[in-house]
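Spelled out, the chains give:
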Amino acid sequence: MGNHYIPNSAHKEEMLKEIGLSSIEELFADIPEKFIKEELNLPEGKSEYEVFLEMNEILEKNKTVLEMPTFLGAGTYFHYIPAHVKHLIERSEFLTSYTPYQPEISQGMLQALFEYQSLIAELVGLPVVNSSMYDWGTAMAEAALMTVRLHKGKRKKFVVPKHTHPERLQVLRTYTRGPEVEIVTVNWNERGQVDVEDLKEKVKDAAGVYIEIPNFFGLLEEEIREVGEIAHEAGAYFVVGVDPTILGIVEAPGELGADIVVGEASYFGNPMNFGGPRAGIFAVKNDMKLIRQMPGRIIGMTKDAEGKRAFVMTLQTREQHIRRAKATSNICSNEALVAVAAAIHIASLGPKGIRELGEVILKNTAYLKKRLSEVAEIPFDGVNFKDVLVRFDKPYREIHEELLKRNIHGGYYVGSHFPELGEAALFAATETTRKEWVDALISALKEVI
Amino acid sequence: MGNHYIPNSAHKEEMLKEIGLSSIEELFADIPEKFIKEELNLPEGKSEYEVFLEMNEILEKNKTVLEMPTFLGAGTYFHYIPAHVKHLIERSEFLTSYTPYQPEISQGMLQALFEYQSLIAELVGLPVVNSSMYDWGTAMAEAALMTVRLHKGKRKKFVVPKHTHPERLQVLRTYTRGPEVEIVTVNWNERGQVDVEDLKEKVKDAAGVYIEIPNFFGLLEEEIREVGEIAHEAGAYFVVGVDPTILGIVEAPGELGADIVVGEASYFGNPMNFGGPRAGIFAVKNDMKLIRQMPGRIIGMTKDAEGKRAFVMTLQTREQHIRRAKATSNICSNEALVAVAAAIHIASLGPKGIRELGEVILKNTAYLKKRLSEVAEIPFDGVNFKDVLVRFDKPYREIHEELLKRNIHGGYYVGSHFPELGEAALFAATETTRKEWVDALISALKEVI
Amino acid sequence: WDEPLIFELSRPGRVGYTLPKPIEDVKVEIPEKLKRKTPLELPEVSEPEVVKHYTRLSEMNYGVDSGIYPLGSCTMKYNPKINEEIANHPKVAFIHPYQDERTVQGALKIMWELEQWLKEITGMDRFTLQPAAGANGEFTGVMIIKAYHLDRGDTQRTEILVPDSAHGTNPASASMAGFKVVEIPSNENGTVDLEALENAVSERTAGLMLTNPNTLGIFEDEIEEIAKIVHKVGGLLYYDGANLNGILGKVRPGDMGFDIVHLNLHKTFSTPHGGGGPGAGPVGVKEFLKDYLPVPLVSYDEENDRYYLDYNVPKSIGKVKELFGNFAVLVKALTYLKIMGKEGLREVSEVAVLNANYLARKLKGTRGYELPHKELRKHEVVFSAEPMKKETGVRTLDVAKRLLDFGLHAPTIYFPLIVHEALMIEPTESVSKEELDAYVEALKKISEEAYTNPEIVKSAPHNTAVRRVDDVLAAKKPVITWKMYKELKEKGEIDY
Amino acid sequence: WDEPLIFELSRPGRVGYTLPKPIEDVKVEIPEKLKRKTPLELPEVSEPEVVKHYTRLSEMNYGVDSGIYPLGSCTMKYNPKINEEIANHPKVAFIHPYQDERTVQGALKIMWELEQWLKEITGMDRFTLQPAAGANGEFTGVMIIKAYHLDRGDTQRTEILVPDSAHGTNPASASMAGFKVVEIPSNENGTVDLEALENAVSERTAGLMLTNPNTLGIFEDEIEEIAKIVHKVGGLLYYDGANLNGILGKVRPGDMGFDIVHLNLHKTFSTPHGGGGPGAGPVGVKEFLKDYLPVPLVSYDEENDRYYLDYNVPKSIGKVKELFGNFAVLVKALTYLKIMGKEGLREVSEVAVLNANYLARKLKGTRGYELPHKELRKHEVVFSAEPMKKETGVRTLDVAKRLLDFGLHAPTIYFPLIVHEALMIEPTESVSKEELDAYVEALKKISEEAYTNPEIVKSAPHNTAVRRVDDVLAAKKPVITWKMYKELKEKGEIDY
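Protein chains in written order, with the UniProt record's numbering: chain A, 1 to 449; chain B, 1 to 449; chain C, 7 to 502; chain D, 7 to 502.
One or more of the hints may lead you astray.
[Stated by the list, open to error] Derived lysine-lysine pairs resembling DSS-like cross-links, with alpha carbons at most 25 angstroms apart: (1) K34(B) with K380(C); (2) K303(A) with K370(D); (3) K483(D) with K289(A); (4) K303(B) with K492(C); (5) K285(B) with K125(C); (6) K12(B) with K348(C); (7) K326(A) with K186(D); (8) K61(A) with K435(B); (9) K289(B) with K482(C); (10) K17(A) with K370(D); (11) K348(D) with K46(A); (12) K27(C) with K435(B); (13) K162(B) with K321(C); (14) K435(A) with K46(B); (15) K464(D) with K37(A); (16) K483(D) with K285(A); (17) K186(D) with K156(A); (18) K497(D) with K303(A); (19) K152(A) with K17(A).
By construction, these hints were calculated from the structure, which means they are not laboratory data.
Produce the entire structure from the sequences given, and follow the hints as far as they go.
Written out as structure tokens, the structure reads:
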């Protein structure tokens, strides 16, 4: 019997005969006999129904944030994705297509990605955006490499806050090991923000300086402009990493002085999915020097043979399939569909929705913070967005355990990354956070502490 | 602020002005003041996210057949629907279109429905099929009315087995109250099948005779051909109701003598959905006398102005929008999408799959029956398909309750419809039934009985 | 595309399915005389082929998501995707209608809540959600009328009155219920002629079926008088909810004197039309009729916080459909209602009516089109292209086909019957001003063409997947299935 | 369609969203100097408009569900819909990566199970699922090579060898990792030139990156010798899994001597390509390299039947991406694997290879196309249209564009670089014999046209949404965002 995914399963004999072969084995005659694997030690195929049941049964073992109030953030947030966004990116013409190598029959995806680039450009305040990196972390790492390339290797230092998101910092360290870039960290001050004096001491000969909005503690860094100026004065490029959901209420990083903006696009339009897929934002100033050093795929507008507006992949000479070993990056497959989902979500929100989203999150975070301050210490003042750092008097793991028993998932323990903060954790709110969840958390904490 | 579903919410003033009006109220000036409702006593609108949470919370209160082994059948069955079927009917060009009044831009739906008609025709063995009724019950009721019309009102009797599915029988009774058709029921014999002698006595002057494959007890009626012959000899039309999932292994009703075949198409391609939507099969012989009396919408093949094959709604003069009070039925909206889902599923199964599906169900039913016979009485012999009638010594409701406590959902109690059967229930199997479910059921029954 | 039939894609040996093995290879034999012997000529295709085939077919179809779809009386509004997401939930798909009530409290609550919304929206006292579609609801309604009169021993009420502007389903439903249909003419305003109504009512009158706003999009402003006339002779007043979108949240059928109402959830409440169905046609009644509703109803036992199927409906007309209705459709409607809320529903009718009147006034005065009856419309407007036909020979059908060339869906045409060469346009609240402007522009352009180059309109459409389809041939030579096609083709009786 | 940009659909006041209200109207102020002052020029559109816009855009795009998509080296196979259904499960979407392990046992089990499948399929000993795509996997692999040598104090290994037929990502990845790339030429058979390889290896050799079957679709039959040469000098052998579809279930990289493997789940294991991504590029290694894998790995504690994130990887290269990988993609791949099973996977490569060879031999001999190197191919075949170019002036690009007019997707062109005017065709196992025949027919027809009416080919495509797109202009005058477009348009520098 044939395989339901493989139409010609049923016609092997016939086709072999037509091309003058007598067996499938002939087609594999070039493989040394000794390497031929007779049979894999794997299960036999199952019916779709059985696999449906099996996968459902496995998935039953997950407990979702809909099933328990969850205060985890730290780089991954529970945002609500409108149903139409999901519906549209599941359209199989988008979903099952690939890199638009043939623009004439791929205008839909090309235009959607051009729109993504354009929407992100508005948010971040830089006019040149690529059509996605893997995630914020890899985008940031590629930005670091780019600043080094821009200095033609004469500067090999990249300055980041010590309180850069640990996931991202780890990615940066791996990515920069090739060209042996030196990663220098700047301390935070008593308000949990970049210590500008420390930065000034360390910025010399830096290829780039990096800062995040908001920072790992959920705080809005207040001296971003100053940091940018310090970087520029030292001849370094200024790279800003941003959670774009804040950009309705916070000034565009491009306007704050950034030369390169990176960030996470998947906060729009995409569910958490246990952390992936995501999509990294990568934007630069309209400066051919920077553009030529950009990693990733870029969609451009042009015209067709009849003068009609059309879209196409452009500036490909930076890319690996042309430049090979000298490419700006090795990236090929990116996160196009994630980017399109983000674009549809951003377009649906519009200027008003983006602002309102920012405000709701800001207020919900403030509510969470206020309530948390009733039961624990908030070590840093300042404005929080999503994450709030909270310090407890008792080992956080114990508190966490007690919360779980009460069907509440507490925050993210930061003690392992930053022991100096003590028994601290990040608790997060977004627009999805419900009052009754916070109230339940606080009651539980009161019992537990 | 505008409404997100209503683009012109934002432009009311502007549009009113353009057409020379000054307020929305003017547009409603023709409604007598006294009837104007100032405000409905209803909740205010909510965000999509809140409604998503709310609906999820409500739905959490349902327990699905995936969460407990369930042996309910009796006209609704848990079949597995391949994912591609669902994917395809969710394509918005299908989902959001309506009756294809403009064939030139509706060829997709028209062809899909033509294919539905064609696939059903193959299964039931009659070449003329409409593009769906609401469900088996209404299709059967309309068939009864049709047989009366075919006799020009001179015969007003419709003969059905007493063990016709109670839901369908109730629909039949309501539908036939208008033209005052007399419903005569025929007893079952000691094997749970139509009592042919009783039928012979009652068939005189009948407009139509009806029988089901399988019957309400899940049994294959063995004397279908004979019943058809008796009907025809008495000058009555022979109407067969069929579960089409059996038709890979059982002869097409058209070949067994049926003039009209009705049945449930939604067993293919559609989930149970708490009983709806469904789609009624309606098929007749290729005889203009019958075709002209058929209810429902029919898609036909024709050609376009350039001689190219095309599809279009046809034989519409039977229908209400043209014939009005003299139409063959009042049906307008039907169950087109349900029919298309069924078509896609049937096409995917093909001849081999349909046969295999029938065989798997037959065997699973036999296994269930064999195991049930270990613990209870099986009052009727014969071949069962899906449903098996089982009789217990103890009140079934008590047994049912005990099973529920063990997270097993027992069968359908038939005592309320047929008290003469005693403490009997229908237990059902399909291709989705798992051995471990049956084994759990039998263990539980052993404890309980 | 020139997409072949799925049968034409068939190649022996291909499969497009997987099935679990039987639990046990028990031997069961179908009795010899019942075994299938007729070969099953179904297509043999693989899953990728099935998916490509129906994907392509879908791309040959126009839906609400493709563009404006102003089919009059069909209310082709936007179908929110959240409706689909909720209705596709496993907790909807995988529940059996005969499950123990304790295991389907969610489903019952949804039905109960929906009923509460519909009651308040219409001003009725109880609803059945059983009817599968509008016509099924109408049948339910007239059967209730019938049962009500018979129950009171009022056996001579054999007539149902229906205005001449009514949908075809009204007379057809009345007729199916065994009533004689009496047609009431419209007056010059396009509304019910009161005098004619007065003359038509009698002790034989079972009821009047009325659509308000009517199919011209005109509000029956003498509704109070109409109700009086019908009620006075003992008849009941039936509200056809097809056009509820025009007055949603503004005025309620129950307040206007209607005794029975059917709604179309697939029109007013945004559930998709699915190429012809499934819809849902709930029927609401005033208190005095609730004992006639189909069984079961969904009731709520407040004390035990328990929803249940209520079969205690003493004079029930029985069942008009199996089980409880098109449940998945009900889920979608409730989702929509909760998102819209009371102010959203009002916004719906306000903008739907604004859009229709905007379009009407922008198009009015264009050569060849005439706007008969009153100017003020509710959610839809009916133009007549009679002048165009007389002056250029271009018929309404041609105008409709030409619209397709502009990538626009045609309005409902040749309905209502009382308007000659009718173009019945219902934009709904879902379209934008630009779409309305583009529609008016296209109709104006077609008018211009009709008067300068009528052939281009008469031979339309030109840019569609197929050219004008020959429906006369379809009726003359019925080819309804692949089976019939093969036979006719073999005999050489058809060449397509 | 001529679909405007979403920005061009914008009208002030329209909204396409709903948001919950804040929990409490707390007053929080963004510091003045950080408050957004630059106006946000985002589109203002309603949900129905958004849906129509992107629905139309999707209809202007060709996907695997539209027809044959034989992009060489991309393995555009059918993407089963069940994969999507499972991956869209709320139990996938609504879990946070930092949840307590006890609450995500299902997710961890999926990752662990997938790893077991991949290990057996490739013959490797441990896998990381972290890399987001093939190139990310390659980078992971070469970083492991780097770490391995450095860890052993082997600091002089600065060279990675890459055949001249390799994907561009290979040299780019090696280069990102700080290696010098040494290119190895192919011999007349299209396989690695052993002599050249012998000459290239040295104590500076860190490793060789090899695709097998290679990008010509030819199996490197001297693989045993190749492995020996590289291993002999202390280098490692890296397997680029782009072409695994050609040998799936037949021969394993691990058995052929490879030390590191990356796979593309979006190629071989049927997860969709999404217009460019997301993909997933797991990397597998032999036992002696597992301590270098990125953190965390997923491990199983059999005793307590518990899956956990394992950060105990002593010499880990760190992280190549945030968190644990493209989880939703992993779910899809595992679903596919379970349905296919061992015999299904074998069937994949058998039919994929049959299809490629069938197409190759049917097309071979057609005027203008040449089949260089060995005749026997695996899952893909590379023709050269060099003769056509010489004889008619029609280039491979023209042939590709002309294919679009037949409703067919073009193959990969101008790659691999070692074949002039290359047409790299990979039909995959998902297409039918009829589709292969139609593709060959189209290529033959184009050959005929090239020799009789070359202009029609050179000016192709003719039937597509847009005509041939000017990519030179796009690069010369970059217009990358709406912001840039507006500026250039205002300045009159562009006219489109």
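What are the numbers of the hints the structure violates, in ascending order? 2, 5, 15 and 19
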